[in-house]
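Sequence order for the protein chains is A and B.
Residue numbers for the first sequence, in the working numbering: 1 to 210.
Residue numbers for the second sequence, in the working numbering: 1001 to 1390.
It is worth saying that the hints were derived from the structure and are not from the lab.
Keep in mind that a hint or two might mislead.
To be verified - PhoX-like, lysine-lysine: derived pairs with alpha carbons at most 20 Å apart:
1. B/Lys1176 x B/Lys1244
2. B/Lys1176 x B/Lys1045
3. B/Lys1081 x B/Lys1045
4. B/Lys1348 x A/Lys182
5. B/Lys1057 x B/Lys1045
6. A/Lys3 x B/Lys1332
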Amino acid sequence: MKKEIPLAITFITGLIIIVTFFIPHQPLGTMQQRLLIWYSIVLGFTMLLGMDSLLRSNLQRIARRSPGWPFALVLIIGFLGTLAAGIYTWATSESLLSLGSSFMYVYTYFIIPLQATMFSLLAFFIASAAYRAFRARTLEATLLLITAAVVMLGRVPIGAEISQWLPDSASWIMEVPQMAAKRGIFIGVALGTIAMSLRVILGLERTYLT
Amino acid sequence: MRVFLTALLLGALGLPLLALEPPSGLQAADTPNDEGNSLTISWDKSPQDQGDADRFKGYQILRSESQEGPFAEVGFAIGGKTEFRDNVEPLKPYYYRVVAISPEDSAGTAAVGPALATAQWFDSSRANVLILTVLICFLIIWYIERAKRGEELFIRKIQGLDAVDEAVGRSTELGKPIMFSFGLGEIKDIVTVAALAILRQVAVRCAQHGTELLVPNWDPLVMAAAQETVQQAYSEPGRPDLYKEGNVSFLTSDQFGYAAGVDGMMLRQKPGAVFFMGYFYAEALLMSETGHSIGAIQIAGTTAITQLPFFIASCDYTLIGEEMLAASCYLKKDPQMLGSLKGEDFVKAFLIVGFALAALWGTTGHLLFKAGHPWMQGVFQAVKNWFVTG
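Next comes chain A alone, as it looks inside the complex:
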């Protein structure tokens, strides 16, 4: 019974989701939305699980003086500081998002710059990954290098200045071979998703039932 009940729930829920996709009439029409709301509620509660895991693992690292424990300390201070700012704002302002509130101060002057910094690093990582990918060691890599050079030059104003052939070729590459490959992968993913969903609904795929 330990496995049969979850399998039955999965089968019935999967079937309901599929059937309600084709039936707009109430109460089936909004069933999918309702199940998503339930999912969001469960997700909200699991944030507590996440916080518990985060705090426990980092406090253990500090207690054991594991390598890099000061980072864990910074994380705990950051976590508690943000939480305190949030509670203070909630108690004193109309909304957590009130301009000038302490929570928005943390968000604007800590979180956004940190996010922007990480995102900016992508430029350097793209350069290093492109350098490795475009080394013309094999025929395929050489073709990739030439194609990438044409697309990159065709997408910037200087490309058209060199030759109108560059932007035209770049557009053709993006619209024909690139799009064909992308759609091929899309169709494969869509069919794979249908097959995987069927395996889950029929109870063949039970990895999630550990």
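Dock chain B against the given chain A, drawing on the hints supplied.
Same frame as chain A, but now just chain B:
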């Protein structure tokens, strides 16, 4: 002569020569294929609605529960529009008027109605999806049934999955931990469920070799599922003592915060192998390039097409799209699960033949259309429209 002079005078003063006319052909009807909470109001454009916003503003939609009124405004459609969807209560009669509005004048229609919003039991615009879904599911289930009867099925080698043992073995030899990331996938994503199957395989190998497994998570629900999976996997070879709950932990639900956390763990703990399995966004390259910089053997798998090139450039092996979703079948080699893959391949072959025939039909139809025979292109357009709109 007098008419001409009057017209000239009015024109010189910038006044309209013709009075504003209301829209014609006003209709109010139930919106098809909905849950019975809207009506669609349609009309033919007013003659003065010529696309000039300075001369013609749009249409005011008025609604009442009785033909005599009073009518209240429920919406406004800008010039050029000929349809408006109004949210209403089901099975209640409503009357509508539409008033054309110009900067100087307004002209309304007579009331039409009553119109009642009713719910439908079948969304006919999705008939195409239903037919194709039934067909695809039938083929997949048919192959599963054939596999149940013991038919031998072949599955091609997937290098990325074969390399799992190699990656775990290498990490064990180096005495380094192994890292597994689900990216930003949620538990409701089918690709995350597929990634759990790979995690299970990796965890079993880690338990057999006594190698530490680190699973930082972005989603607490995925973390809970991963904890269960890893704990169960460690029990399989009889090493539940090696399982550490703190190694399968939650980091943050912030995208770049998660990337920074994973990068930090990689740089400090130097895993010998890193698995990126699930759904990824811009953080994919940030993490995989860091993994590359520490010399870890990296295996990635995702259905996120935009991130695939980055994984291919920075990882040793990449599972592309459907390979990722086939992982559990490949690793288990269960005949019934392989049967579903066979069914999937059959549908793919069916689609390839279908696309080739459609391209041939469409091209021939276009050539015949130019030669004055439109029937072939007409059939092509009808089939295409059915696929697009149902």
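- Message: Going through the numbered hints above, which ones does this structure break? Give me the numbers in ascending order.
- Response: Result: hint 2 breaks, nothing else.
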